[in-house]
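Q: Sequence:
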Amino acid sequence: MQSFLAKYMTTSHMERRVRVRFAPSPTGALHIGGVRTALYNYLFARQHGGDMLLRIEDTDSTRFVPGAEEYILEALDWLSIGIDEGLRIKKSEIINHKSEIESIGSHGPYRQSERREIYHQYVKQLLDSGRAYIAFDTPEELEAKRAEIPNFQYDARTRLQMRNSLTMNAEEVRELLANGEKYVVRFKVEPNEDVHVHDLIRGEVVINSNILDDKVLYKSADDLPTYHLANIVDDHLMEISHVIRGEEWLPSAPLHVLLYRAFGWQDTMPEFAHLPLLLKPDGNGKLSKRDGDRLGFPVFPLEFHNQKDGTVSSGYRESGYLPEAVINFLALLGWHGSGDQEMYTMDELIKDFSLDRVSKSGAKFDYEKGKWFNHQYLQLRSNEELAEMFIPVLKEKLAAMNLPSFQGGEGGRLATIIGLVKDRVNFVPELWEQVNFFFAAPTEYDEKSLKKRWKEDSPRHMQELLAVLDTVSEVDWHKFYETTDDNGNTVTRWHLDDVVMPWIAEKEYGVGIVMNAFRICLVGAARGPHIWAITDILGKAETLKRVKTAIERINS
RNA sequence: GGUGCUAUCGUCUAGUGGCCUAGGACAACGGCCUCUCACGCCGUAAACCCCGGUUCGAGUCCGGGUAGCACUACCA
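Numbering (this note's numbering), first residue to last: 1 to 556.
If you are wondering where the hints come from, they were derived from the structure by calculation, not from laboratory data. Hints are not guaranteed to be accurate.
[Said to hold, decoys possible] Pairs of lysine to aspartate or glutamate, DMTMM-like flavour, derived with a Cα cap of 25 Å:
#1 LYS90 x ASP58
#2 LYS452 x GLU508
#3 LYS397 x GLU303
#4 LYS371 x GLU384
#5 LYS182 x ASP213
#6 LYS124 x ASP223
#7 LYS280 x ASP291
#8 LYS369 x ASP423
#9 LYS448 x GLU552
#10 LYS219 x ASP194
#11 LYS360 x GLU348
#12 LYS280 x GLU318
#13 LYS548 x ASP470
#14 LYS507 x ASP497
#15 LYS451 x GLU464
#16 LYS280 x GLU342
Every value quoted in this text rests on a predicted model; they were computed, and no experiment measured them.
Please work from the sequences and hints to get the whole structure.
A: As structure tokens, then:
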């Protein structure tokens with residue numbers, strides 16, 4: 001039975017419900033840094049049993065890129081970053097790359113472009129209370145001012161020299177407005193005040209209001225607010241408890257604090273956490289879209305065809321990355337767990353995540369480590385799953401070689417083959433280089449391998465081997481059994497071992513020289529899985545045929 | 001230029017005053033395994049930005065310097 005006090009404490013001193021948001025702009029593909037921000041928000045929300053919202057910040061109509069919104073939602077969906085409220089992909093509606101977007105929740109609309117009327121009232125509130133003013137300076141005038149005065153800033157020192165409602169009388173302002181003159185609403189920042197921002201990752205950050213300019217909050221040209229106003233109003237209205245965003249926002253955090261105060265919302269102002277930036281792998285600076293092209297790896301989760309500028313950006317999904325690998329890799333870029341653990345499932349991340357353990361400094365994007373993570377997760381997938389993922393690649397390769405297409409339904413043969421080689425690849429498409437010889441006999445033989453492994457006696461060895469192998473029955477060809485090696489480990493021993501090895505011993509040939517030559521006949525190079533695993537899959541007829549062909553073709 | 005943030009192996013990082021002759025992971029290198037290439041396993045090399053101060057004791061706290069980054073739009 002709960003005491004009355006416990007009850008009292010939980011009701012009247014109840015912690016605010018955790019509500020976080022990811023609020024991207026639909027200006028292009030979702031950058032991998034943005035994905036990490038979304039992930040951290042998601043982990044935080046889940047851990048606290050709170051809500052993860054998705055809001056689209058499309059207040060700059062000029063930068064809108066068609067398809068970007070769908071892209072963002074699909075990327076999050078692919079990575080299993082779940083959205084509880086706002087915009088998201090309607091489940092079970094992803095057919096033929098066509099996905100439907102749904103809006104869920106009672107705090108909508110969740111696109112800022114659809115919230116014009118809401119912002120009007122708050123702009124008016126600020127104007128009425130004298131916390132903001134109307135400015136008529138044209139972009140050209142401002143530009144001229146900046147050219148004229150070095151380090152010009154629109155603020156308490158300069159606003160009285162500008163064309164705004166502070167310097168004009170009410171009649172003039174009314175007239176300009178009536179004439180349809182373009183204007184903006186600027187926030188009136190009071191000078192000389194130390195603004196304190198509490199950051200969950202960085203602690204107390206203090207900035208003097210003198211360095212802040214009178215930010216534009218609203219522009220009449222497109223009847224939309226700017227980021228700063230829309231962001232604060234929406235976060236307030238949507239009851240956001242924690243703002244977890246990139247470090248690039250830290251300098252404007254004081255402005256946001258001032259805005260919350262101007263509205264009288266300081267008591268419900270969200271907590272802030274500014275995440276370290278993702279840096280270029282080489283040199284310094286923020287990781288950018290161009291770095292991906294330059295260094296040859298994706299910086300976007302999904303491939304993106306930009307309809308606005310016609311560019312195509314490669315994506316992790318199309319490069320063969322597994323979503324869980326991307327998540328794990330990203331989670332550890334700027335955050336570490338409570339121990340030395342490297343591999344994390346999403347559930348483990350949710351359990352272990354903490355803003356305390358987010359680093360303060362930027363993290364260089366290490367693509368090599370990403371590959372390693374993918375390798376790890378690839379091994380965890382079943383052969384059947386990998387086969388399923390590999391089939392499109394396989395079909396494409398076979399078509400390119402004018403070979404009969406893969407039909408499937410071959411009794412799990414592909415899965416068996418993949419099981420043989422998966423531990424040597426990092427990505428699904430790489431499987432092709434490991435399995436190609438199962439689908440097509442070698443047409444040429446790797447020169448390096450020949451030089452090292454194909455000796456003068458090899459043709460004679462192979463000729464003799466052919467005779468030895470021919471004695472093995474079709475049934476015995478595929479036989480194998482379990483045995484124990486010198487170290488007590490269980491190993492698979494093939495019947496063919498018992499046929500070929502005694503022959504080699506009797507003739508006093510080297511095992512290495514015979515087997516490697518044999519391998520070259522079958523594979524075309526000195527690589528690949530265990531030789532008897534290969535002959536098992538190839539079958540007797542194909543094996544003998546390949547050896548014959550090799551004897552004829554090599555050295556001729 | 002101004003303001004802010006940051007600073008441990010090549011990279012991601014552990015480290016919250018003594019457990020640090022600085023730990024883990026990726027990458028590199030070497031070895032083992034082995035018919036090959038890989039995987040795997042074992043091992044090696046590799047770092048506290050600099051200068052002061054506080055303290056019995058500093059990678060850890062403080063100050064200064066330096067460097068890097070971010071921001072400084074009618075972009076977000």
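Q: All the hints need checking, so say for each whether the structure fits it.
A: Comparing the hints with the structure gives:
1. LYS90 x ASP58: holds (21 Å)
2. LYS452 x GLU508: Holds - the C-alpha atoms of GLU508 and LYS452 are around 20 Å apart, at most 25 Å.
3. LYS397 x GLU303: holds (21 Å)
4. LYS371 x GLU384: Within the cut-off at roughly 22 Å; holds.
5. LYS182 x ASP213: holds (20 Å)
6. LYS124 x ASP223: holds (13 Å)
7. LYS280 x ASP291: holds (7 Å)
8. LYS369 x ASP423: holds (16 Å)
9. LYS448 x GLU552: holds (19 Å)
10. LYS219 x ASP194: Between LYS219 and ASP194 the Cα gap is close to 28 Å, so the pair fails against 25 Å, i.e. violated.
11. LYS360 x GLU348: Between LYS360 and GLU348 the Cα gap is close to 23 Å, so the pair holds against 25 Å.
12. LYS280 x GLU318: Holds - the C-alpha atoms of GLU318 and LYS280 are around 22 Å apart, at most 25 Å.
13. LYS548 x ASP470: holds (12 Å)
14. LYS507 x ASP497: Distance ~15 Å between LYS507 and ASP497 Cα, so the pair holds.
15. LYS451 x GLU464: holds (21 Å)
16. LYS280 x GLU342: holds (22 Å)
Hint compliance for this structure: hint 10 alone is broken.
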